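Visitor: Here's the letter readout for the chains.
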Amino acid sequence: MNKLVGEALVVKDLKTQFFIYDGVVKSLEDVSFVLKKGEVLGIVGETGCGKSVTAYSIMRLIPDPPGRIISGQIKMGDYDLIKGIDQEVDIILKKRPKIRHHNKIIKKNEYLYNKIRGRYISMIFQEPMAALNPVFTVEDQIVESLYLHSKTKILRVIKSASEHISDLQSFKDKGGITSELSGEIGAELQKIKIQKKGFESEEKHLEMLIDEATKYLAKKDKYDEMLKESIEVDSLEGTLFGNVSEEERARILKVLSKEAKKSHLMGLTKRLKKKNPDPVISEARREAFGLLESVNIPNAFQILKNYPHELSGGMLQRVVIAIALSNDPQILIADEPTTALDVTIQAQILELLRDLRKNRGTSIILITHDLGVIAEMCDRVAVMYAGNVVETAPAIELFHNPKHPYTIGLLQSIPRIDDPTKKLNIIRGTVPNLIKPPTGCRFNPRCQFAFDRCIVEIPPTIETSDGHTVACHLFSGKEVR
Amino acid sequence: MTTESVGSEFSRALKKRLESSKRSFYFLTRSPLATIGLAIVIFYVILAIIGPRLAGGNPSVMTAYPIYHGQPIIFNPIPPFEYAKFPLGTTIGGYSIYEGVLKGARVDLELASIIVFSGALIGTVLGSIAGYKGGALGEAIMRGTDIFLSLPYIVLAVAFLTVFGRYESVMIESLILIWWPTYTRIVRGQVLSVREQKYVEASVAAGSSSLRTVIKHIIPNSIYPIFVQISLDFGNVILTLASLFYLGFTFAGPGFAEWGNLLSRATSAGTGGAALESYPWAVTIPGLVILIFVLALNLFGDGLRDVLDPRMRR
Amino acid sequence: MKLYVYIIRRVLLLIPVIIGVTLITFYLSHLNIGLLVTEYEGKIHTYAQRVIVMKELHLNGPVWAQYLYYLGALFTGKWGFVSPGDIDPGVPVFTEFLKRFPPTAELALLATLLILVMGLPLGVLSAVRKDRATDHATRLGAMAAVSIPSFWLGLLVLNFMLAPTVSFLPHWLVLYGNGQLNWSVYGYWHGKIAPFVSPTGGLSQPTGFLLIDTLVYGDFPAFFNALWYVFWPSLVVALTTFGVIIRFMRSSMLENLGQDYVRTARSKGVPEQFVIKKHARRNALGSSTTVMGLIFASLLSGVVVTEIVFSRPGMGTWLYQAAYNNDMVSVMATTFVFTVVIVAANLIVDIMYSYLDPRVRLE
Numbered sequence: 001m002n003k004l005v006g007e008a009l010v011v012k013d014l015k016t017q018f019f020i021y022d023g024v025v026k027s028l029e030d031v032s033f034v035l036k037k038g039e040v041l042g043i044v045g046e047t048g049c050g051k052s053v054t055a056y057s058i059m060r061l062i063p064d065p066p067g068r069i070i071s072g073q074i075k076m077g078d079y080d081l082i083k084g085i086d087q088e089v090d091i092i093l094k095k096r097p098k099i100r101h102h103n104k105i106i107k108k109n110e111y112l113y114n115k116i117r118g119r120y121i122s123m124i125f126q127e128p129m130a131a132l133n134p135v136f137t138v139e140d141q142i143v144e145s146l147y148l149h150s151k152t153k154i155l156r157v158i159k160s161a162s163e164h165i166s167d168l169q170s171f172k173d174k175g176g177i178t179s180e181l182s183g184e185i186g187a188e189l190q191k192i193k194i195q196k197k198g199f200e201s202e203e204k205h206l207e208m209l210i211d212e213a214t215k216y217l218a219k220k221d222k223y224d225e226m227l228k229e230s231i232e233v234d235s236l237e238g239t240l241f242g243n244v245s246e247e248e249r250a251r252i253l254k255v256l257s258k259e260a261k262k263s264h265l266m267g268l269t270k271r272l273k274k275k276n277p278d279p280v281i282s283e284a285r286r287e288a289f290g291l292l293e294s295v296n297i298p299n300a301f302q303i304l305k306n307y308p309h310e311l312s313g314g315m316l317q318r319v320v321i322a323i324a325l326s327n328d329p330q331i332l333i334a335d336e337p338t339t340a341l342d343v344t345i346q347a348q349i350l351e352l353l354r355d356l357r358k359n360r361g362t363s364i365i366l367i368t369h370d371l372g373v374i375a376e377m378c379d380r381v382a383v384m385y386a387g388n389v390v391e392t393a394p395a396i397e398l399f400h401n402p403k404h405p406y407t408i409g410l411l412q413s414i415p416r417i418d419d420p421t422k423k424l425n426i427i428r429g430t431v432p433n434l435i436k437p438p439t440g441c442r443f444n445p446r447c448q449f450a451f452d453r454c455i456v457e458i459p460p461t462i463e464t465s466d467g468h469t470v471a472c473h474l475f476s477g478k479e480v481r
Numbered sequence: 001m002t003t004e005s006v007g008s009e010f011s012r013a014l015k016k017r018l019e020s021s022k023r024s025f026y027f028l029t030r031s032p033l034a035t036i037g038l039a040i041v042i043f044y045v046i047l048a049i050i051g052p053r054l055a056g057g058n059p060s061v062m063t064a065y066p067i068y069h070g071q072p073i074i075f076n077p078i079p080p081f082e083y084a085k086f087p088l089g090t091t092i093g094g095y096s097i098y099e100g101v102l103k104g105a106r107v108d109l110e111l112a113s114i115i116v117f118s119g120a121l122i123g124t125v126l127g128s129i130a131g132y133k134g135g136a137l138g139e140a141i142m143r144g145t146d147i148f149l150s151l152p153y154i155v156l157a158v159a160f161l162t163v164f165g166r167y168e169s170v171m172i173e174s175l176i177l178i179w180w181p182t183y184t185r186i187v188r189g190q191v192l193s194v195r196e197q198k199y200v201e202a203s204v205a206a207g208s209s210s211l212r213t214v215i216k217h218i219i220p221n222s223i224y225p226i227f228v229q230i231s232l233d234f235g236n237v238i239l240t241l242a243s244l245f246y247l248g249f250t251f252a253g254p255g256f257a258e259w260g261n262l263l264s265r266a267t268s269a270g271t272g273g274a275a276l277e278s279y280p281w282a283v284t285i286p287g288l289v290i291l292i293f294v295l296a297l298n299l300f301g302d303g304l305r306d307v308l309d310p311r312m313r314r
Numbered sequence: 001m002k003l004y005v006y007i008i009r010r011v012l013l014l015i016p017v018i019i020g021v022t023l024i025t026f027y028l029s030h031l032n033i034g035l036l037v038t039e040y041e042g043k044i045h046t047y048a049q050r051v052i053v054m055k056e057l058h059l060n061g062p063v064w065a066q067y068l069y070y071l072g073a074l075f076t077g078k079w080g081f082v083s084p085g086d087i088d089p090g091v092p093v094f095t096e097f098l099k100r101f102p103p104t105a106e107l108a109l110l111a112t113l114l115i116l117v118m119g120l121p122l123g124v125l126s127a128v129r130k131d132r133a134t135d136h137a138t139r140l141g142a143m144a145a146v147s148i149p150s151f152w153l154g155l156l157v158l159n160f161m162l163a164p165t166v167s168f169l170p171h172w173l174v175l176y177g178n179g180q181l182n183w184s185v186y187g188y189w190h191g192k193i194a195p196f197v198s199p200t201g202g203l204s205q206p207t208g209f210l211l212i213d214t215l216v217y218g219d220f221p222a223f224f225n226a227l228w229y230v231f232w233p234s235l236v237v238a239l240t241t242f243g244v245i246i247r248f249m250r251s252s253m254l255e256n257l258g259q260d261y262v263r264t265a266r267s268k269g270v271p272e273q274f275v276i277k278k279h280a281r282r283n284a285l286g287s288s289t290t291v292m293g294l295i296f297a298s299l300l301s302g303v304v305v306t307e308i309v310f311s312r313p314g315m316g317t318w319l320y321q322a323a324y325n326n327d328m329v330s331v332m333a334t335t336f337v338f339t340v341v342i343v344a345a346n347l348i349v350d351i352m353y354s355y356l357d358p359r360v361r362l363e
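Protein chains in written order, with my numbering: chain L, 1 to 481; chain P, 1 to 314; chain D, 1 to 363.
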C-alpha cells in the first residue's frame, strides 16, 4: 500500500441491486474501474445512472434493506474490502425476492468496515446542510472521527510534546538554551507553520500543546498505559487486513469488539463541554482546529463551538471535508460536492479539493454530472450509463476523442458559448427502467448507431488506445482486452 | 359559484383522489393486521345495526331480571349459562350481559360517531379558515386549539356535567369541545403546505376563488390524515364514554345500554374484587368487548397511516 | 438565542392560554354564581345581606370587573370553601387542594417516568428491528395496551395484584403491601389521606408526598409500602398511555436513521450501535418530547380514572366526590388545577426540546 505509483483502489465487476416491491432494480451491473494513486477520477453520468450507488457501494453505505452488493471486488492494495459479501445473505428469488440476512457475518464484516470508513476511505456528500448532525457541535463531530481512528496519533503527539517539555526543563536547569523541536511535536509544529495561518493561530496551537503536555506529565503513567493499549489495538487491527486464519480472525475480533465497547463515544459530548478537558480531548480539539484551518475556515476556533445550523452551506461543506480528511485517508470520494452550492463557493470548494490532492496526495473519486467540473478537476473520467461504465479515458482524450455514442451525445448536449450557431443535440429517450433493463447493451434503445448485435449481446470492454476503454459493439472486432 | 357546482367540483376531486389511491388500498390489504382491524370494525358496525333487534325490547335500555325462575339473581349469580335467556350471564341487579353488549354497540357507536364526526367537521372548517385566511382570526383559532388541547377530557366532561346538569347533549357537547382541535391543526398544516404547491398557486393565479381552492385542492389532500385521525379518535372517544359511564357520570338510568355502564353494573363500584371472584365473566366480557373494538380501530388506523405515509412505505 | 430568552418568550406565550382557560372556568363558575358566593353560604338570609355580599364580591359590576376580581381571587388562593355534603365540608378549597395534590402528583410523575422508561427504548428497538418479529410484537402489544379501558385494567390490576384473595402474586407479596401501616387492601387510605405516624409519635406530613415523607423519617418499610401502592396505579396509567410514545419514537427513529447525517456518521466509521445510540436517538428524543406534552392531557385523564378505581385520595377522587355532591367550587378548582398542570407540562416539554435540539431556539 505504500508505493507511490500504482493503484489506490480497484473496483471489479461490482454488482449492486435493490430489492423493492416492484422487483429487483439492477442498479450496478459489472462496474469496473481503477483509481490510481494521487489521481482525480471523475465519474460522470445522468441522474440515476448509478454514480452515487457506486460510491455508496465502495463505502458500503447502501441502505439494507432494500439494497445489496451482490458480488464483485473492491480492492485496496491486496485486501478485498467486500470479501465474503456473498455469505452475508441468502437471496431467494421467487415471485417476490426474499432476503435472509445472516446477522452474525454481517456484524463481523461491518466491524471490519468501520475500521476502513473514515480511516482509509472517506466521503463527502452532496447536501452539506443535511450532512451534519444538527444537535452536535462542529467540534463534536470532527473529534468523534479523530477519536475513532486516530487515538494513537493523538496520544503520541501529546507524549512527544510532554517529553519535549521535560527535556527542555532539564536542559534549562543545566543552563542551556534550545529552540530545537524534535519528534512528533516538531512535525506537528512544522505542519502548523506550513499552513501560514498567522502568528495568532501558531500561538494558540503552542499554548494548547503546552497545556496538554503539562496535564500529560501530571498523570504520566495513566496516559502512557493508554498509549500502549492504543498501539496494541492498532496493531491487532492491522493484522485483520492481512492473511490470517478464520479462527485467529475470530479471536482478534472478540478482543477488539470488547475494546470497541469501551470507546466511550457516548461521553464525548460531555467531555468536550468540560471547562478543563483532559489532554486527549484537548489535543483532539487542537487537531480539529488545525483541520478547520486547513480547509480555509476563518475564525476556526470559534467555529468549533458552533452548531451546523449556524453556518452557511459553503462553510458546512468545508467542515464536512475537514471531517473526511481528519484521519488522512488514502481515498476521498466526493459525491457531487458542489451541486448544492453557489457558483462562487463551488469554485472555492473545487480549489480546496485540488490543493488537497497536491498537498496530501489523496486519491479522489469525484462524482458529478457537470462536465465543466470534470474538465477542470479530473485526470481521468469514467462515463456511466444505466449501471454500466461505458467509457473510461484520460479527461483530455475524452473531450477531444469520445468513442461511445452515449459520451458523444453527452458532450454534444452541453451548450457552447463559443459556438452559438451550433445546434444542441439531445439524447432521445430517457434512462431505462432498471428492473427490466434492455437486453444486450443497455443504451441500445436510445442509440442512433444500434444494430442487431446490440440488442442480443452485452458489449465487452475494449481498450482502443492507451488508457482509453469503451464498452460498445462499434469498436469490438478490434483488440479484445 | 353555486352550491351545485361546488358540490360536483368536490365530488370530482374526491373521486380522482380515490382512484389514485387504489394502490394504497392494495397496500392496506397487504397488511394483515389492518385488514383484521377493518373486518372487526365492520363486524361491530353490523352488530350496532342489527344488535338491538336481536336483543329485543327498548334498543337503548337493558331489562333487569332481578328474579328468574323464582331465584333472585342478585344473590345467586352462579354460572348463568344454564339459562338460555342469558347466554353471557348476568350482572348484579340481573342485567343480561348479552343484551347489554348488543344494545351497547349501537349506543356507543352512535354517541361516538356524533362526537367524532362533529369534531372533525368543526375542526376541518376552522382549520381551513385558520390556514387559508390566516391573520388575526387564524391566530385566534390556533390559540383556541392550544387552550382546548390543554384541557383533560374526563375532567372537562365531569365539570360540564356538573355545571350544566346531566344531559346527553351536555356530554356530547363537552366531548366535541375536546375533540375538534386535532383536526384544526391537521387541516391547517395541510393547507399551509398545499398552498405552497405550484399547482395551487397556479390555480389561484388563474382566478380560482378561495372556496374553490379549499374544496378542490385542500380538503381532498387532507382527507386521508383526517380519516386516520378519525379512526384513532373513535377508539379514544369510546374509551372516554365508557370511563364516564363506568364512574357513574351518566345522563340515564342504571339500565342504560352502554358498555361502561354495563361494566359498572357488573362491579357495582368498589366491589370489584368480590365481583371478580364470584362472577368474573361479568367483569371480563364487557371489558373485552370494548378492548377488541378499540384495538380493531387502532389497528386499522395505524395500518392506514403506514400506507398513506409515503416515508413509511417501501 | 440564549436558552433563558427562549424560556421567557415561551412563558409569555402562555398568557393567552391561561386567560382562555380562566375564561372558561370563570364562565362555568359564573353560571352558578359559583366560587365566590359559596364563601358566604349559610350566612345569607335576607335580601339586604345578599345585596351586601353581592357588592362585596363585585357581582354587581360589569362582567370584565367580575372576571378581574375572579382572577385576583384565583391567584391569591381564595378559592372558596368545600361545600356541605362533601367529605370535608367547610374546609377552604385551597387547603384541600394542597392536601389532595401530592398523591396525584406522585402518581402522575411515576406514570410519566414509567412511560419514558418503557416507551422510549421500545420505540428505538422497534425502529432498529423494523419489520422483524420484535417490531411487530412491540407495536401490537403497545396498541393493545392503549386500547384497554383504563378503569377496566385498573380493576384487573387492583384485584390480581393487590387483593389477597384473587391475586396471582405470592401471598406474602400481596400482604407485604398492607403489613406495615395496616392500611386497607383495596387502596390504602379509604378515601382519606393516611396520617403519617412519625417516629416521634406525632402525626406529621412535612411535604404531603408520602414517598418523600417516609424517606424524611427514614421509615423504609413504609416507603416501600407507599411505593408498592403507587406503583400499580401508575403502571395502569403508563400502560394505557405509552403506546403513543412508542409509535412516535419508532417513526421518529426511522426518519432520523434515513437522514443524511446518519450516513455521514456511518461514513466516518462510527459503529452502528453508536450511530443509533448517539446520533439518531438524540435527534429522535427531541421530537418525541413534544409528544409527551400532547399526551399529557390523556395521561391526566387516565390518572383521574385510575385514582378513582384505586380510591387514592388525590385530585381525581376529589373531583369525583365533588361532582357527586354537586360541589361546584371543588369541581372548578380541580379543573383549573389540572389545566394549569397540563400547561406547565407543555412548558417544561418545550424547554426540554429546546435543550435537546439547538435549532428550536432559533425561531
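Keep in mind the hints are simulated off the structure, nothing from the lab. Please note that a few of the clues may not be correct.
Covered stretches of chain D, as calculated for chain L (at least 3 residues, CB under 8 Å) [as the list claims (entries may be wrong)]: (1) 282-290; (2) 339-346.
So these bits of chain P aren't anywhere near chain D, every CB distance computed over 12 Å [said to hold, decoys possible]: (3) Ser-8; (4) Leu-33; (5) Gly-93; (6) Val-125; (7) Ala-140; (8) Gly-253.
These figures come from a predicted structure and were not determined experimentally. Cβ coordinates follow ideal geometry from the N, Cα and C atoms, glycine included.
Visitor: Does each hint hold? Answer for all of them.
Guide: Structure-based check of each hint:
1. 282-290: holds (count 3)
2. 339-346: Since three or more residues must qualify, the claim that chain L covers the segment 339-346 of chain D is violated, with 0 doing so at under 8 Å.
3. Ser-8: Correct as stated: the minimum Cβ-Cβ distance to chain D is 38 Å, above 12 Å.
4. Leu-33: The claim is violated: Leu-33/P sits with its nearest Cβ about 7 Å from chain D, within 12 Å.
5. Gly-93: holds (18 Å)
6. Val-125: holds (20 Å)
7. Ala-140: violated (9 Å)
8. Gly-253: holds (17 Å)
Going through the hint list in order, the structure does not satisfy hints 2, 4 and 7.
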